[in-house]
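**Student:** With the hints as constraints, model all of the structure from the sequences given.
Each protein sequence line maps, in turn, to chains A and E.
Position 332 of the first sequence, counting from 1, maps to 332 under this note's numbering, and the rest follow consecutively.
Position 164 of the second sequence, counting from 1, maps to 164 under this note's numbering, and the rest follow consecutively.
Derived by calculation from the structure, the hints in this document are not laboratory data.
None of the values given here were measured: they were computed from a predicted structure.
A few of these clues could be false.
Said to hold, decoys possible - Listed below are several chain A residues computed to face chain E (Cβ distance under 10 Å; list not exhaustive):
| # | residue |
| --- | --- |
| 1 | Ala6 |
| 2 | Phe11 |
| 3 | Gly20 |
| 4 | Lys166 |
| 5 | Tyr224 |
| 6 | Arg228 |
| 7 | Thr229 |
Glycine included, every Cβ here is placed at the ideal spot set by N, Cα and C.
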Amino acid sequence: MSSKFAVLTFFLVAGALILGVASLNYFVDPMCFYRCSSVDIHKKNLNTFFHVGQIIVSHPETENIMIGSSRGETTSPLWLEELLHMKSLNLSVGGTELQAKLAFLNMALKHTKVRQVIWQADFFEFIPEVIDVKMQNTEALRSYIKNEFQSDASQSKMSKLQDELKSLIDHISFEASLKLLFSKKVKPLDQGSGSDLKYKDCETPEYKGDQDPDKLEKEILNDYDRYRTVIFKNEFSEAYWRIFVEKLKSLDAQGIEVKILVAPYNPLFMKRLALEYPKVYNEHFVWIKRLKSLSLSHVHITDFFTGIPGDDQSAKYWNDGVHFTCRGAMIMLRESLKNSP
Amino acid sequence: MLFNSYIFIFGFLPIVLLGYYLIPNKRLQLGFLLIASLGFYSYWSAKLVFFLIFTVILDFYIARAIHRSKTQGSKNFYLLFSLFANLSILFFFKYYNLLASSVNSVLTMTHGDSSTLPILNVILPIGISFYTFQSMSYVIDVYRGTSDVHADLLAFAGYVTLFPHQISGPLVRHNQIVPQLENPKTYFFQTDNFWRGICFFICGLSKKVLIADSLALVVTPIVNNIAVASNTEAWLAILGYTTQLYFDFSGYSDMAVGLGLMMNIQFPQNFNSPYKSASITEFWQRWHMTLSSWLRDYLYISLGGNRSGRLSTYRNLLLTMIIGGLWHGGNWTFAAWGLFHGLLLALERFGKDSKLYEKHGAFLKNRTLQIGLTFFLVNLGWVFFRAPTFTAAGLWFQKIFICNSNISWDLRFVAEKYRARFFAALIIGLVMAFYAKNTWQFKFKTNFIVAGGFALLFVLCLMLMSADSPFLYFQF
Numbered sequence: 001m002s003s004k005f006a007v008l009t010f011f012l013v014a015g016a017l018i019l020g021v022a023s024l025n026y027f028v029d030p031m032c033f034y035r036c037s038s039v040d041i042h043k044k045n046l047n048t049f050f051h052v053g054q055i056i057v058s059h060p061e062t063e064n065i066m067i068g069s070s071r072g073e074t075t076s077p078l079w080l081e082e083l084l085h086m087k088s089l090n091l092s093v094g095g096t097e098l099q100a101k102l103a104f105l106n107m108a109l110k111h112t113k114v115r116q117v118i119w120q121a122d123f124f125e126f127i128p129e130v131i132d133v134k135m136q137n138t139e140a141l142r143s144y145i146k147n148e149f150q151s152d153a154s155q156s157k158m159s160k161l162q163d164e165l166k167s168l169i170d171h172i173s174f175e176a177s178l179k180l181l182f183s184k185k186v187k188p189l190d191q192g193s194g195s196d197l198k199y200k201d202c203e204t205p206e207y208k209g210d211q212d213p214d215k216l217e218k219e220i221l222n223d224y225d226r227y228r229t230v231i232f233k234n235e236f237s238e239a240y241w242r243i244f245v246e247k248l249k250s251l252d253a254q255g256i257e258v259k260i261l262v263a264p265y266n267p268l269f270m271k272r273l274a275l276e277y278p279k280v281y282n283e284h285f286v287w288i289k290r291l292k293s294l295s296l297s298h299v300h301i302t303d304f305f306t307g308i309p310g311d312d313q314s315a316k317y318w319n320d321g322v323h324f325t326c327r328g329a330m331i332m333l334r335e336s337l338k339n340s341p
Numbered sequence: 001m002l003f004n005s006y007i008f009i010f011g012f013l014p015i016v017l018l019g020y021y022l023i024p025n026k027r028l029q030l031g032f033l034l035i036a037s038l039g040f041y042s043y044w045s046a047k048l049v050f051f052l053i054f055t056v057i058l059d060f061y062i063a064r065a066i067h068r069s070k071t072q073g074s075k076n077f078y079l080l081f082s083l084f085a086n087l088s089i090l091f092f093f094k095y096y097n098l099l100a101s102s103v104n105s106v107l108t109m110t111h112g113d114s115s116t117l118p119i120l121n122v123i124l125p126i127g128i129s130f131y132t133f134q135s136m137s138y139v140i141d142v143y144r145g146t147s148d149v150h151a152d153l154l155a156f157a158g159y160v161t162l163f164p165h166q167i168s169g170p171l172v173r174h175n176q177i178v179p180q181l182e183n184p185k186t187y188f189f190q191t192d193n194f195w196r197g198i199c200f201f202i203c204g205l206s207k208k209v210l211i212a213d214s215l216a217l218v219v220t221p222i223v224n225n226i227a228v229a230s231n232t233e234a235w236l237a238i239l240g241y242t243t244q245l246y247f248d249f250s251g252y253s254d255m256a257v258g259l260g261l262m263m264n265i266q267f268p269q270n271f272n273s274p275y276k277s278a279s280i281t282e283f284w285q286r287w288h289m290t291l292s293s294w295l296r297d298y299l300y301i302s303l304g305g306n307r308s309g310r311l312s313t314y315r316n317l318l319l320t321m322i323i324g325g326l327w328h329g330g331n332w333t334f335a336a337w338g339l340f341h342g343l344l345l346a347l348e349r350f351g352k353d354s355k356l357y358e359k360h361g362a363f364l365k366n367r368t369l370q371i372g373l374t375f376f377l378v379n380l381g382w383v384f385f386r387a388p389t390f391t392a393a394g395l396w397f398q399k400i401f402i403c404n405s406n407i408s409w410d411l412r413f414v415a416e417k418y419r420a421r422f423f424a425a426l427i428i429g430l431v432m433a434f435y436a437k438n439t440w441q442f443k444f445k446t447n448f449i450v451a452g453g454f455a456l457l458f459v460l461c462l463m464l465m466s467a468d469s470p471f472l473y474f475q476f
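**Tutor:** Pasting the structure below:
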């Protein structure tokens, strides 16, 4: 075989393999990136954001929703129901930021009878660089934030194209396609994150948390590493802040109660943040001050940024550097949800 | 723009190759290549590309002025002017903050005043160390009379800016590349070279994506938290980083060679299985070979080399290696790394000069033992190279030699989800580094199995390529 045929063979085989992988990913569409124009509750998928959309659509009687990132995942919606006497969903999911949170909120406003929103606030939701590909590429979700994010300048056309191309041939999509093809289990459309939490145990004196206490310090430092590579190095977006405030005003005008909960980081995490990134640390306080200065009659802010009451810094309160346990969540939310409708 | 990105592989590269071969005129092809290379650089920073252009134009005309000078005095003046201009820019961007923080530290210790020199928030122009050295070597060669001046600014600019080596080398010489750019044959499509280019590129891409990036997933968090890492993790970090750095940088070099070959431009070899070395001297003949030879030709020899007696030779070795260390970045840890290697080189030289090995080193004659010892010492050196501070390096050493107070053996920084990938990459990487042929030793046969195998490897890399994984040497 001459080098000419070797080159041709290379391109033909590589082309065929790329086409094969891309076709599989496109037709199975495990993440609902290509073939889901709307949120269909029967669509089997592995996109955790799309799954939240399915939960919303399948619970039209909902009156109370909790919206948050992975930091909100340790709250049981059943406990919220018990506490508030309102049909509740916990729409918290890892990786959400402002775009995803607003998409879920708008979807809930359209498909449910929501009267109260618990907004688990995160500083990083105002940093456009953290937008997850699951939000960026899922048209069925993006259609819910068309009004708020008409021109999303956070991502250039080139990098968007690169993301789309990548999602068609990357190993994550490929593995997800295979997993979806061969799995018989369907994730239940329960009440969202924390549905399977034994929340009654969380407040008992015997509660010890799920994290191995010996591992906690390293988990905290691992989180800190992740945060400093993305979140601490990027700027707070004023444009995102304005969009957020406009949304709050709109909810306020509709008479919907909004409980904003500002939760802390683990004290060790916080200490390093203050020491190594004093500018970012101070920006957190500026952000909280701005939140508190919003004078809207239906919007209430509860600030626990300096610490959870009773926190002994153990695995009883913390899973890692940023995620508190169900115990921590319940202590903060009890305070935040006083005077709910 | 990274070589291991979709935008490069599916956008930039096909456009450049098509343009390069479809344009029917040699001058236009060279001009197109220059524009493409400047575009490649501008993708990272449209402003800082002007430093690159400035360096090219300055050194081209200074070399010409040296050539035309009739007196030694004016030649000296032009050379010093070029060195001053090039090194000032390099110094400002790369070493100013090191100088400022060092001066401030000294003043704090002596006078209690720490804010004498401001620390500037400057962005280091990517590839500045590489293009400055490449451009400067041309002026020095013309000054020394070891090279003629190049008549064509376009070819010289093409050489300095050429996108495959622009950011992280290999550190090519003008007399290797400019004649190729001036040769009309370079601009005709040659399938033999193109095929070898594909093979080199995919070998490099695989080294980067499959080995180096898999190791980085574990090495980075351990090194960032070395104070609380366990002793096992400290060992894994040192072995992992040693392997990662080799596969990352030699992977980049292979990709650069492959890209050059796709355009019929042959770059020199930069790595020759360095971890198979049986001494530190041999290591430097096999590791980052283009930098080693640059330092030898333009620094070590300029300092007097080995012509002025033993002590001067040892001093020159030390100085060359310290400066070579600092070339990598504005941090004293790089100087310490250079000093460590300089000392080892001087020690080896001393052993050779005084015939110590012959008299007393019989036990060291076993090559496997020599390779093992060299590898161990190189590993220790990388601690200085990778650790952000001396404190971190000290902690790392303590844990490697089990001298820390709280000895532990857990693997908690080795995330479960990366564990299998990390250990597989580490084992495969070390086996390849010690026992396999390197990319330059392969013949790249032209049969269906090889072509299909490379296609499969390429697609696997595309699938595993992470969105943002810069090469380690980009920071230098």
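**Student:** Against each hint, give a clear statement of whether it holds in the structure.
**Tutor:** Hints versus structure:
1. At a threshold of 10 Å, the smallest CB-CB gap from A:Ala6 to chain E is about 4 Å, leaving the interface hint in force.
2. About 8 Å separates the beta-carbon of A:Phe11 from the nearest beta-carbon of chain E, less than 10 Å, and the hint is met.
3. The interface hint given for A:Gly20 holds, since its Cβ lies 9 Å from the closest Cβ of chain E, which is under the 10 Å cut-off.
4. For the restraint placing A:Lys166 at the interface with chain E, the shortest Cβ-Cβ distance is roughly 6 Å, inside the 10 Å limit, so the hint holds.
5. Nearest Cβ of chain E to the Cβ of A:Tyr224: about 8 Å, under the 10 Å cut. The hint holds.
6. Because the smallest distance between the Cβ of A:Arg228 and any Cβ of chain E comes to about 8 Å, under 10 Å, the interface hint for this residue holds.
7. Below 10 Å, beta-carbon pairs count as interface contacts, and A:Thr229 has one with chain E at about 9 Å; its hint therefore holds.
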